[in-house]
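Visitor: Residue-level listing of the chains:
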Amino acid sequence: MSISDAVYLRPWRSSATLRTLKIGLFGTPLNSVITLVTVALLGWIVPPLLRWGVFDATWTGTSADCALANGACWAFVGAKFRFILFAFYPPALQWRPLVVMVLLLGLLVITAQPRFWRKGLLVAWPVVVVASWILMSGTLVPPAVPSNQWGGLAVTLFVWSVCFGLATPLAILLALARRSGMGGLRTLAIAFIELMRGTPMVAILYVAMLILPMAIPNGQLIDKNVRAMIMITLFWSAYVAEVVRAGLQAIPAGQHEAATALGLGYWRTMQLVVLPQALRLVIPGMVNLAIGFLLATSLLAVIGIFDLLNAARSSAADPQWLGYYDEAYLFAALIYFVLCFGGSRYSLWLETYLRRSQRH
Amino acid sequence: MSLTDETVPGPDGPGMLRKVSRWWGDWPLTQIAVIAAVIALFWLLGHNTAATMARIGITPGFDFLGRPANFEIGEAPIAFRAGDPYARAILAGLLNTLTVAALGCLLATILGVALGVAGLSGNLLLAALVRWYVEIVRNTPLLLQLFFWISLAKSFPSPRQALSVFGSFFLTNRGVFVPGLAFHGVSAPTLWLLVGLALAYMAFLWRARREGSLPARRLGIATAGLLAGVVLTFPLTGAGASWEIPALAGFNIRGGYNLTPEFTALLTGLVVKFSAAIAEIVRAGIQSVDRGQWEASRALGLHSGQIMRLVVLPQALRVITPLTTSSYLDLTKDSSLAVAIGYPDLVSIINTTANTTGQSLEALTLLIGIYLAINLSVSAAMNHYNRRVALRGIART
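Chains A and B, in that order, give the protein sequences.
Okay, so the first sequence: first residue is 1 according to the working numbering, each after it adds one.
Okay, so the second sequence: first residue is 1 according to the working numbering, each after it adds one.
Where hints are given, some of them may not hold.
[Claimed, not checked] Pair ranges (Cβ atoms, derived):
1) P48(A) to A224(B): 55 to 61 Å
2) A51(B) to G165(A): 42 to 48 Å
3) A317(A) to Q306(B): 38 to 44 Å
4) R345(A) to F183(B): 50 to 56 Å
5) W52(A) to A284(B): 33 to 39 Å
6) Q293(B) to F26(A): 40 to 46 Å
7) D26(B) to L272(A): 15 to 21 Å
8) G254(A) to D26(B): 18 to 24 Å
9) G292(B) to T187(A): 56 to 62 Å
[What the hints assert, rightly or not] To be clear about the criterion: a stretch of chain A counts as covered by chain B if any three or more of its residues have a C-beta under 8 Å from a C-beta of chain B, and this derived list gives those stretches:
10) 34-46
11) 61-75
12) 198-208
13) 236-244
14) 333-342
15) 345-354
[As the list claims (entries may be wrong)] Facing chain B, from chain A, some residues (calculated, C-beta under 10 Å):
16) P142
17) V145
18) N148
19) Q149
20) L188
21) I190
22) P217
23) L221
24) G263
25) A290
26) L330
Don't read these hints as lab results, they were simulated from the structure.
For each residue, glycine too, the CB sits at the ideal point set by N, CA and C.
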């Protein structure tokens with residue numbers, strides 16, 4: 001319906017756009033001055049960047065070719081593409097993280113579409129995550145690959161989806177406890193949430209690195225990735241809990257009372273009446289949170305895990321391609337940007353979609 | 001709920017015990033069991049930690065704070081040499097964190113408000129530029145931006161070929177040189193006089209607030225008095241101040257302030273990242289005020305400056321203040337990424353301390369405690385301000 005509207009409206013809009021463009025750029029004297037100053041600024045900044053990034057750039061070849069030219073060395077990205085995606089994963093087995101990435105991204109695309117929202121997805125996620133783990137570590141199909149060799153975009157996506165997936169159920173429990181009439185549990189939930197939200201993620205990662213090995217029996221044997229993922233899950237669950245709480249607060253008390261009057265107990269009330277409505281309200285908020293979390297996985301670099309950002313950085317430390325940091329960072333930034341910008345556009349679309357479907 | 005207050009026989013209202021049991025709520029034994037389980041879990045973890053520490057030969061406790069720290073700190077607002085106690089190193093790190101956070105909040109607010117207003121200026125080109133700036137900055141990780149800024153800051157030329165901006169800012173691989181006030185001969189009386197002046201000014205503001213109104217004229221006189229007092233303090237106590245502009249002298253640049261590459265990169269990264277967030281907040285705040293308000297104010301004969309100041313901003317601030325508060329808190333927490341680019345902030349020093357003493361549990365407890373204290377006090381202060389902004393709107397309707 002909305003698509004056909006847009007098609008009919010297009011000719012109208014384009015002529016209107018031309019007029020608004022004229023008013024928007026040269027409507028008043030002040031506006032004209034702003035436009036001219038901005039154009040001058042762009043004229044000062046853009047040409048050198050274009051010269052570096054496009055005209056003087058080296059697109060193919062070796063680092064020797066790059067050293068001769070003045071511009072960017074995109075040949076570097078071509079040569080290091082595999083490393084940035086998979087880092088130190090054994091090259092012969094890199095089809096495994098590739099399959100994992102395809103699985104996770106594919107499931108993500110399916111999950112993003114409301115017409116696939118049914119119980120099957122709740123089963124599909126744990127299945128895919130466990131399968132990814134088995135595939136990456138090679139426990140069932142040797143050779144096994146220890147997790148300190150995992151890396152690149154595959155690890156970023158993996159940590160992100162596992163931790164977000166585990167944090168959500170925990171967060172729902174925390175939010176329910178924080179909203180409950182039980183003083184003891186409420187205090188416990190508030191203390192946990194405020195402690196996590198008041199601490200920087202770097203500190204949480206250091207706890208995973210330095211404290212967990214001492215606190216858990218045989219903790220030294222648990223590898224770094226798992227320890228980091230435990231703490232990240234706990235950390236993120238506090239943030240998700242606050243978003244869920246906002247949704248719970250928006251549900252009128254009458255819903256709760258009506259369910260109780262029908263004879264439903266606490267858990268049935270929550271499961272059948274309150275949570276479905278509350279979670280639906282906070283879906284856009286959760287998507288925004290998920291985008292923030294994807295960006296936050298880059299902090300894994302601080303504790304020496306080779307995620308996307310760290311892989312990009314170390315790729316420029318290769319003696320053969322030394323010092324092409326700008327190109328490496330730009331390439332990593334592009335991947336993050338595509339994922340997150342796409343996510344935020346999707347979140348906007350979803351918000352209007354949910355509002356419209358609620359009205360009908 | 002069970003019984004209401006009115007039906008309870010006996011004294012007025014519920015007694016202490018009843019209040020507690022009502023607060024504690026349903027399922028009292030289950031709650032006690034859950035809390036006991038949590039305590040048992042922590043006891044188990046603590047027990048393991050203590051056992052591990054005993055095995056490696058580390059005595060738990062905060063005694064290490066008084067022991068000499070055998071590392072240097074790249075830059076510190078207080079004098080620090082290797083051999084000074086760990087407590088002093090941690091204090092230096094905390095001061096570094098606070099410095100970069102405070103400057104970051106200030107500069108991010110200025111840039112963010114400017115960007116937010118530019119985005120609403122009605123000029124399509126400028127608005128589009130601001131939108132792309134915000135999108136690019138918001139959708140890439142802060143750590144990546146920091147890596148970019150530090151590699152940029154280190155790729156500047158040496159001081160002799162320094163890039164000069166307007167002849168007073170110099171970009172070099174030894175940091176950025178900016179002009180600034182230089183003080184000479186500052187003694188204890190100077191500082192005490194300055195503190196006294198600041199206290200007097202704050203007392204004046206506080207009294208004026210208690211009386212309920214503060215005319216612009218009286219505020220102006222008081223501020224002028226403060227400035228005059230500050231200017232007079234220096235010659236009175238034999239101190240002097242001069243405006244210094246950095247200049248090339250021999251192989252280095254002298255005069256003004258030298259910001260290290262790490263500090264510059266961290267500050268730039270934080271300001272850029274959070275100016276985008278604040279620009280969005282300002283835009284959302286101003287757009288949250290209904291168009292009808294603008295039209296009604298125009299009909300009353302107010303000009304656009306007055307509309308902004310008297311009608312739109314007081315209402316927009318109610319949206320802006322709580323969101324900006326959480327941005328400030330995020331900025332303070334994200335300043336901890338300093339550890340990744342080598343700026344000696346609190347996290348970086350605590351990390352070094354944990355590695356050199358082995359007292360990682362105590363060091364991290366200290367770290368988390370300090371961040372919690374900063375966070376709670378900033379949000380308390382901002383909540384106080386927020387209440388004032390919100391109340392003023394209600395009182396005058």
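Visitor: Okay, D26(B) versus L272(A) on CB: inside 15 to 21 Å?
Guide: Given about 20 Å between the Cβ atoms, the range holds.
Visitor: Would the hint on G263(A) be counted as holding, given a Cβ-Cβ threshold of 10 Å to chain B?
Guide: 17 Å, violated
Visitor: Given that the stretch 34-46 of chain A was listed as covered by chain B, double-check it with a C-beta distance under 8 Å for 3 or more residues.
Guide: Holds: 5 residues of the stretch 34-46 of chain A have a Cβ under 8 Å from chain B.
Visitor: Determine whether the Cβ-Cβ distance between Q293(B) and F26(A) falls within the hinted range of 40 to 46 Å.
Guide: Distance hint for Q293(B), F26(A) is violated at roughly 28 Å.
Visitor: Grab the minimum C-beta distance from I190(A) to chain B and call the hint holds if it beats 10 Å, violated otherwise.
Guide: 13 Å, violated
Visitor: Restraint: A290(A) near chain B, CB-CB cut 10 Å. Satisfied or not?
Guide: Check failed: Cβ of A290(A) comes no nearer than 13 Å to chain B, outside 10 Å.
Visitor: Just to make sure I understand the rule, a stretch counts as covered if three or more of its residues have a C-beta closer than 8 Å to a C-beta of the chain. Does the stretch 198-208 of chain A meet that for chain B?
Guide: holds (count 8)
Visitor: Closer than 10 Å between Cβ atoms is the bar; does P217(A) clear it against chain B? Give me holds or violated.
Guide: Holds. Min distance 6 Å.
Visitor: So the hint says 42 to 48 Å: do the beta-carbon atoms of A51(B) and G165(A) match that?
Guide: 34 Å, violated
Visitor: Is it true that G292(B) and T187(A) lie within 56 to 62 Å of each other by Cβ?
Guide: Check failed, 45 Å falls outside 56 to 62 Å.
Visitor: Just to be careful: measuring from the Cβ of L188(A) to every Cβ in chain B, is the smallest value less than 10 Å?
Guide: 6 Å, holds
Visitor: Is the shortest C-beta separation between Q149(A) and chain B less than 10 Å?
Guide: Violated - the Cβ of Q149(A) stays beyond 10 Å from chain B, reaching only about 22 Å at its closest.
In this structure, the hints that do not hold are numbers 1, 2, 3, 6, 9, 11, 13, 15, 16, 17, 18, 19, 21, 23, 24 and 25, in rising order.
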